[in-house]
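*Asks:* Residues per chain, in single letters:
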Amino acid sequence: MSELTSELQRVADDAARQARPPAAAEIIRQGDRRLRRSLTRRALGGLSAAGVVGAGVALSLGLAGSPSAHGTGAIRTTAFTLVKDADGTVTLTIHPGVLLELGTLQRDLQRDGIPAKVTNGSFCSSDPAPSGFRQVVNAVLPGLNGTPMTASPTLTINPAAMPAGTELSFGHFQLPSGQETVAGLIDTSSYTCTSTAPTGRPPRASAVEIRTTSGS
Amino acid sequence: MVTGQMTGPGFPGKGGDAVEREEFADFYAASFQRLVGQLYAMIGDQSEAQDAVQEAFVRAWAHRGKLDRNRAPEAWVRVTAWRIAASRWRRARDGARLGWLAARPESTAGPTPDRVAFTDALRKVPAEQRRALVLYHLCDLTVEQIAAETGVRPGTVKARLARGRAALVPYLRETAAPVSE
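Going line by line, the protein sequences match chains A and B.
Those letters in the first sequence? Residues 869 to 1084, by the numbering used here.
Those letters in the second sequence? Residues 8 to 188, by the numbering used here.
A portion of the hints provided could be inaccurate.
[What the hints assert, rightly or not] Rough simulated footprint, nothing fancy, chain A against chain B, three-plus residues with beta-carbon under 8 Å:
| id | region |
| --- | --- |
| 1 | 33-46 |
| 2 | 51-58 |
| 3 | 139-149 |
[To be verified] Some residues of chain A that are not near chain B, with every Cβ distance over 10 Å (derived):
| id | residue |
| --- | --- |
| 4 | 883 |
| 5 | 906 |
| 6 | 981 |
| 7 | 1044 |
| 8 | 1062 |
Think of the hints as simulated: they come from the structure by calculation, not from any bench.
Remember, it's a predicted structure, so these values are computed and weren't measured experimentally.
All C-beta atoms, glycine included, are put in the ideal place defined by N, C-alpha and C.
Chain B on its own, in the form it takes in the complex:
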């Protein structure tokens, strides 16, 4: 799966301010919507996801000198967006904010009963399990990479993936592939 993550000598670069701005703008354009989609799948709120991703990009530009050039900046933005969303959730002192709020984007294809059932099932999966599922299935990270990004042990990641999949498999027409590193 193409993640579109920027690596190598790209952003943040050392080609001067104009080049840096251009590289950042390209990076932003290439990854903003994808990251909103990923974060939405993690937290279940469209506007929160967009706000958090937008704020993360603002911070990425403000602190671009600190970004590790060897690490994909898209991962940095994703982690930052998650932390922003989680922080807002904690401040709201309402665990339901990271559950699945009522408002969700309309599927442009028109939801079939199966899709509605899957989405409802996803709603019930705990946030950390959803996050692990998104990182594994959408961001194409390994268990080790997910562990590093989420700050837990690989065994915990595997457990979250297994539990999340177990909750969703009944709503799939075929059995999902087993988790592997």
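This is chain A alone, in the form it adopts within the complex:
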């Protein structure tokens, strides 16, 4: 090692010893918050009316933080809230501007007794789609039926109404125009997954589409 290198290294080492790094968890927390703010700005820039039929609802799904203790009837992360009600239904509230952590969502849905398949960059569906989606999922989406545009999308899920052999399928896509999540019912014994984001409107009885649009 040349003397120049060793002298520069000494200067750097002195400074390195003085450094007091914050906890990694704090860095991660700040990064999550930074990303949420960024996604919120983009989401608010592309709000549009949403529908069960699948028009664009401005929603970004964001990075989940650590879920709070399960078993109290509610799971809250920075991206979504799952509340299990006394009647057995589960209400999923997705918080705008927060990127969904898909693995966490799948795990938490299953923990609340909802068989689910959550995929990123693909969507799984059955043809024909199982009947009864609207009995399983009641969606309240911003901009529809008097729901304020600033409201968070909620899906009230009734696991008891799920036909035997079915599970909920959530497919999340990152599109040039924004983000899209599609939810539907699938037959667990027969389904296919596609990496092509659903275009147009899915049949209203079988799926709900939540889309972040940009400038549309």
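Following the hints, position chain B against chain A.
*Replies:* Okay, now just chain B, sitting in the frame of chain A:
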């Protein structure tokens, strides 16, 4: 020289969120202080260096999906920290911020006259030359790699290294090795 840069299938990984967080925390712990030291040698301000490196790590986590898995993320953080520091310098509209401010870390060994002289000489070296020297001598990058990281031609990097070394060599007890690619 061990740079500690993470390469290969490590961070950012695809092992799920918990694994990603753990990998990131390991990466952060392994490289934070080293990067602060490198940035300090480049910009000459301890608190600015730490702030910039910290902010760079926040951005690294927020944008980890964009990090090229084939490129060492430590280099990404270092470049980002430099840009943050440079941006703050430009906003301050005071070129002295990237010169060498009065406050500098105390050497735990107690500065000898030689060390004080070297540090003072380093203070006078222009920021871009100091950056090239740090990248070459501390980060063990080649001239080509420095050119890519700093956005200039290799010839410019060589010139900066040569001028920076020329300014510092009188304060060394022996002649430094010539620059090679």
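*Asks:* Which hint numbers does the structure go against, in order from smallest to largest?
*Replies:* 4 and 5
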